[in-house]
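Engineer: My request is simple: use the sequences and hints to build the entire structure.
Here the protein sequences line up with chains P and F, keeping their order. First residue of the first sequence? That's 126 in our numbering, and the numbers climb one at a time after it. First residue of the second sequence? That's 126 in our numbering, and the numbers climb one at a time after it.
Warning: the hint list may mix true and false statements.
The list treats identical chains as one, so a pair stands whether inside a single copy or across any two.
The calculated lysine-lysine pairs, modelled on BS3-like cross-linking and capped at a C-alpha distance of 25 Å, are [stated by the list, open to error]:
| hint | residue 1 | residue 2 |
| --- | --- | --- |
| 1 | K293 | K159 |
| 2 | K293 | K228 |
| 3 | K372 | K159 |
Note that these hints are calculated values from the structure, not bench results.
2 protein chains.
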Amino acid sequence: MDLKNYLGQRAALVDKALDALLPAEDTLPATLHKAMRYSVFAGGKRIRPILALAACEAVGGNPQQALPVACALEMIHTYSLIHDDLPAMDDDDFRRGRPTSHKVFGEASAILAGDALLTQAFVLLSSPATCEQIPAHTTLQILHTIARCSGSMGMVGGQVVDMESEGKQVDFPVLEYIHTRKTGALLLASIQCGGLVGAADDGAMAALTAYGEAAGLAFQIADDILDIVGEQTELGKDVGSDLARGKVTYPALLGLPAARERAQELKEIAVRALAPLGAAAEPLKAIARHIVDRSS
Amino acid sequence: MDLKNYLGQRAALVDKALDALLPAEDTLPATLHKAMRYSVFAGGKRIRPILALAACEAVGGNPQQALPVACALEMIHTYSLIHDDLPAMDDDDFRRGRPTSHKVFGEASAILAGDALLTQAFVLLSSPATCEQIPAHTTLQILHTIARCSGSMGMVGGQVVDMESEGKQVDFPVLEYIHTRKTGALLLASIQCGGLVGAADDGAMAALTAYGEAAGLAFQIADDILDIVGEQTELGKDVGSDLARGKVTYPALLGLPAARERAQELKEIAVRALAPLGAAAEPLKAIARHIVDRSS
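Structural biologist: The structure is reproduced here in structure tokens:
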């Protein structure tokens, strides 16, 4: 399959839906809605929404129906980036080559734009328009999955431990704790929620979950490797920035060759997990291959 | 009725439920869960949860069933206080006589504790245990009401406009915009969601909504008045702190006597709105009277 074309088309679909589902820039308070849109439309690759759509497709669902869920996931991802970039956290002035939210709108507005995006995700997930397309019971399962994976025992929890580990010697279990939560949890939620929209049966959900766990970790290792060897344009942040900040990474802990080997292994596990889903899972497989192979 | 006793009993019920529904302090990451609990158990009066329980009761529902919703409302209220107190926002060192979250745990942890509390509210609202007690369709309505009232066109929106108005001359429409959103929206949501749990019919929901709109505004005016004339112990913050900060308030705009008159008027409107609900609405009426009268 032509993955580049596929990713481009899906990202465009997601962008259009995000534009329709976010309050307009001139909706009061305009500064807040401007700030929310500034970060949502800052050139993200829409990996989480695309995974949700592809997972829905992989179990025989209609990806169009998964669009609101996909957009909610991107809003949560964006809020997490805005807050991560704050002076009190990573203190980043740029993301994907553009000034970060607090550099443009000020710190208070950046905090509030993040808060509002997180909340807007739940407005969207529980909105009558979304609920018309998905059974209420399934919508609540989706909501619960996304909230759990984003909260204190998911993404936020991972960020806390990552922050506490900066500049410290950490061991492998802590590294896995951070990555399965800080980035892995929302990636897994994206895949599982796509499956839920597609009314996946237990076997299909198990396949998606196994894929999501392996692929999520593989993506993180690939990102860590790119932080060392990548091009700045590909990475969207300064090469070596993790190292400079004393962040714990796979290559730092395992060495570069072993980290690469682990990423390849996880990619194989992820692809094999999808075997029961047949040809409909081709896009998910291609995404896992692409993300790991660009780092090797 | 003995309101003091009623409020004490209900607050104790809410505190117990919050303790059961929040992750334990030693759940990893422990610092995060400690920070979440520190602010939730910082001596709040539990007005929002109590209003939700009382509204449920007023329409003939079982207040016990509204406890998870009541706790979710308190988590959202607490997150908003943590973020409002941040150095980039109001920069408050104390709240209710205790050091604020960022003074105890640092700024990054306070931001993340707020994020996690907001998210935990939605974990709770969509949890299987909550969903067992309330029909899925109703749960989604509750979730949507709470999310909308908390988001960019509710509480966060009100906070943004409040912040932008500091030290500026603002007119009455802006003042009402701020108050109906910053504090009024979540108070109204609390009352409406209590009604939803209690399976209120359209007439009862209309009565609760009319009560909630009037009472929400009355509470805010009462708070503004107490900021000028109150005792520090009653207020839980420095007397005159709004004034010092150049915050726009009702007494500042209308003068103290007219502000008091407006609060009394709104109290009457709120109490009258509940007439169709009969004796079951006594606690809601008593709450409105109590909150307004302590400022006059």
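Engineer: Determine for every hint whether it applies to the structure shown.
Structural biologist: For each hint, the structure was consulted:
In this assembly of identical chains, the alpha carbons of K293 and K159 lie at most 25 Å apart only when taken from different copies (22 Å versus 38 Å within one copy). Taking the shortest alpha-carbon separations for K293 and K228, only the inter-copy value of 23 Å comes in at or below 25 Å, while the best intra-copy value is 29 Å. For a Cα distance limit of 25 Å, the shortest separation of K372 from K159 across copies, 24 Å, qualifies, whereas the shortest one inside one copy, 32 Å, does not.
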